Amino acid sequence: MRVEEHPILGEMKKPNVVEIEVDGEIIPAIEGEPIAAALLAAGKSIFRYTRKRNEPRGVFCAIGRCTDCMMVVDGIPNVRTCVTPVRAGMKIQTQHGLGEFGGPLS
Amino acid sequence: MRETEFAIVGAGPAGLSAAIEAARAGVQVTLIDENDKPGGQLFKQIHKFFGSKEHYAGVRGIDIGVQLLHEVETCGVEVMLNAVVWGIFADHTLGIIHDHKNLHLKAKKILLATGASENALAFPGWTLPGVMGAGAIQTLVNIHRVLPGRRVLMVGSGNVGLIVSYQLLQAGAEVVAVLEAMPKIGGYGVHASKLRRHGVPILTSTTIKEARGKGKVEEAITIGLDEHWREIPGTEKAYQVDVICLALGLTPLSELAWMAGCQFDYIPQLGGHIPVHDANMETTVNGIYVAGDVSGIEEASTAMEEGKLAGIAVAEALGYLSAAEAACKKEVVLRRLDELRSGPFGGVRKQAKEQLHQQRCSQ
Ligand code: FES
Numbered sequence: 001m002r003v004e005e006h007p008i009l010g011e012m013k014k015p016n017v018v019e020i021e022v023d024g025e026i027i028p029a030i031e032g033e034p035i036a037a038a039l040l041a042a043g044k045s046i047f048r049y050t051r052k053r054n055e056p057r058g059v060f061c062a063i064g065r066c067t068d069c070m071m072v073v074d075g076i077p078n079v080r081t082c083v084t085p086v087r088a089g090m091k092i093q094t095q096h097g098l099g100e101f102g103g104p105l106s
Numbered sequence: 107m108r109e110t111e112f113a114i115v116g117a118g119p120a121g122l123s124a125a126i127e128a129a130r131a132g133v134q135v136t137l138i139d140e141n142d143k144p145g146g147q148l149f150k151q152i153h154k155f156f157g158s159k160e161h162y163a164g165v166r167g168i169d170i171g172v173q174l175l176h177e178v179e180t181c182g183v184e185v186m187l188n189a190v191v192w193g194i195f196a197d198h199t200l201g202i203i204h205d206h207k208n209l210h211l212k213a214k215k216i217l218l219a220t221g222a223s224e225n226a227l228a229f230p231g232w233t234l235p236g237v238m239g240a241g242a243i244q245t246l247v248n249i250h251r252v253l254p255g256r257r258v259l260m261v262g263s264g265n266v267g268l269i270v271s272y273q274l275l276q277a278g279a280e281v282v283a284v285l286e287a288m289p290k291i292g293g294y295g296v297h298a299s300k301l302r303r304h305g306v307p308i309l310t311s312t313t314i315k316e317a318r319g320k321g322k323v324e325e326a327i328t329i330g331l332d333e334h335w336r337e338i339p340g341t342e343k344a345y346q347v348d349v350i351c352l353a354l355g356l357t358p359l360s361e362l363a364w365m366a367g368c369q370f371d372y373i374p375q376l377g378g379h380i381p382v383h384d385a386n387m388e389t390t391v392n393g394i395y396v397a398g399d400v401s402g403i404e405e406a407s408t409a410m411e412e413g414k415l416a417g418i419a420v421a422e423a424l425g426y427l428s429a430a431e432a433a434c435k436k437e438v439v440l441r442r443l444d445e446l447r448s449g450p451f452g453g454v455r456k457q458a459k460e461q462l463h464q465q466r467c468s469q
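Protein chains in written order, with my numbering: chain S, 1 to 106; chain F, 107 to 469.
Simulated from the structure, these hints should not be mistaken for laboratory data.
There's no promise every hint is true.
Stated by the list, open to error - Straight line, CA to CA, 27 Å or less: simulated DSS-like cross-link-like pairs of lysine-lysine:
no., chain 1, residue 1, chain 2, residue 2
1, F, K300, F, K290
2, S, K13, S, K44
3, F, K290, F, K154
4, S, K91, S, K44
5, F, K290, F, K315
6, F, K315, F, K343
7, F, K343, F, K154
8, S, K52, F, K207
9, F, K456, F, K290
10, S, K52, F, K322
11, S, K91, S, K13
12, F, K143, F, K214
13, F, K435, S, K91
14, F, K154, F, K143
15, F, K290, F, K320
16, F, K322, F, K290
17, S, K14, F, K154
18, F, K300, S, K52
19, F, K143, S, K91
20, F, K214, F, K435
21, F, K456, F, K435
22, S, K14, S, K44
23, F, K143, S, K14
24, F, K300, F, K320
25, S, K44, F, K320
26, F, K143, S, K44
27, F, K154, F, K322
28, S, K52, S, K91
29, F, K207, S, K91
30, S, K13, F, K207
31, F, K212, F, K143
32, F, K154, F, K214
33, F, K435, F, K343
34, F, K290, F, K343
35, F, K436, F, K214
36, S, K14, S, K91
37, S, K13, F, K143
38, F, K435, S, K44
39, F, K322, S, K44
Keep in mind the model is a prediction, meaning the values are calculated, not measured.
Starting from the given sequences, assemble the full structure and let the hints guide the process.
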């Protein structure tokens, strides 16, 4: 969910909304925001599955330290989505294990 | 190899303040940060700061951040962003990855203002999506304006836990409870009573036992603790939540100080292993300084003052300030630090800091 109104921060500035593709589905995102923020706003919580036990992981630290939020972004695996800004047309995939290079490119 | 007079690692409140202070005195400053924007964690702090007037009391972290960035821009500091410092070598050289390229930067003096990282807690289900650090919530909600869930259980009632709970309410989420393993609330009464007025229960002697859910957090199980920290069977309670937020304190990010060979002391009140430093913020390694959370977990306000101290000390050591000028400037800063470290919470930190300084002096 987006926080449109806020008692301290005020109303949200008019954002530049673009589209990104997540596992083949098009979702709206704000240009320049971290990919992770766009995904959480769209209600996505699982970002990757672990290599050994196939367990789901999502955002944990949101500042680039823990690597829980890694996904395949434009064909590059292990991208920390919490510190990678959105660009229009990005193609993002849920990562399985260590991920693989390749996949869809924007 | 590139060279500079004063390299600062970390552009948070401590690093920014040091950069401004030193650059104003005429020092050539290079300020390095791994993020794409300077400011560290200041921009997620939308609450008003405590302290005296000179101390930005009543001003929000976010506004202080804007002001510091403006000053850094106008006083000629070189700011290097997206730059990860991966190593520090004996001759005051930093190894830096900048824009996917490796470079070396040699400095006469180095300030490590690397801050801290959040402590986690392992319990069954803690890796489920929806279990997050309090800093993560602050970043998402206050900077990016995205709520990662609607119903939140907060673990930890220190100032961060209390403040972030309140910020969650401000953003429109529901906080079902704040848990505290200790028998009493950890943070300031002001923050706690704000929550209580909003009907948020703060449950002392209670901790998280388990997070449950299919693919993400759906339920949290809490449990009561006795005076020996043992779980009391039968006191489990279930809460339907989609976020479990961990606010369990911070640990200094001191890797570079270890690598540099600084001497450490273990001081639990300051967050663990702390590089021993003197009143100038200089460590046991000549020319290497620390300031902010890496030199002991405190607050943004103390971090800024410590940064100033380091900036003044470096300017003095490089000959840009006379001993008299520096002494006069330091005195002002030290007085403010003293004010900030008063009261029952600050007093403990003051004592701990003095312990560190004494160690450095006795060497
Ligand atoms: S959530 Fe920790 S690195 Fe992105």
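Hint check:
no. : hint              : result
1   : F:K300 <-> F:K290 : holds, 16 Å
2   : S:K13 <-> S:K44   : holds, 23 Å
3   : F:K290 <-> F:K154 : holds, 24 Å
4   : S:K91 <-> S:K44   : holds, 15 Å
5   : F:K290 <-> F:K315 : holds, 19 Å
6   : F:K315 <-> F:K343 : holds, 9 Å
7   : F:K343 <-> F:K154 : violated, 34 Å
8   : S:K52 <-> F:K207  : violated, 32 Å
9   : F:K456 <-> F:K290 : holds, 22 Å
10  : S:K52 <-> F:K322  : holds, 19 Å
11  : S:K91 <-> S:K13   : holds, 26 Å
12  : F:K143 <-> F:K214 : holds, 25 Å
13  : F:K435 <-> S:K91  : violated, 53 Å
14  : F:K154 <-> F:K143 : holds, 22 Å
15  : F:K290 <-> F:K320 : violated, 34 Å
16  : F:K322 <-> F:K290 : violated, 31 Å
17  : S:K14 <-> F:K154  : holds, 26 Å
18  : F:K300 <-> S:K52  : violated, 45 Å
19  : F:K143 <-> S:K91  : holds, 24 Å
20  : F:K214 <-> F:K435 : holds, 22 Å
21  : F:K456 <-> F:K435 : holds, 20 Å
22  : S:K14 <-> S:K44   : holds, 23 Å
23  : F:K143 <-> S:K14  : holds, 21 Å
24  : F:K300 <-> F:K320 : violated, 34 Å
25  : S:K44 <-> F:K320  : holds, 14 Å
26  : F:K143 <-> S:K44  : holds, 26 Å
27  : F:K154 <-> F:K322 : violated, 34 Å
28  : S:K52 <-> S:K91   : holds, 25 Å
29  : F:K207 <-> S:K91  : holds, 25 Å
30  : S:K13 <-> F:K207  : violated, 35 Å
31  : F:K212 <-> F:K143 : holds, 23 Å
32  : F:K154 <-> F:K214 : violated, 37 Å
33  : F:K435 <-> F:K343 : violated, 55 Å
34  : F:K290 <-> F:K343 : holds, 20 Å
35  : F:K436 <-> F:K214 : holds, 21 Å
36  : S:K14 <-> S:K91   : holds, 24 Å
37  : S:K13 <-> F:K143  : holds, 19 Å
38  : F:K435 <-> S:K44  : violated, 52 Å
39  : F:K322 <-> S:K44  : holds, 10 Å
In this structure, the hints that do not hold are numbers 7, 8, 13, 15, 16, 18, 24, 27, 30, 32, 33 and 38, in rising order.
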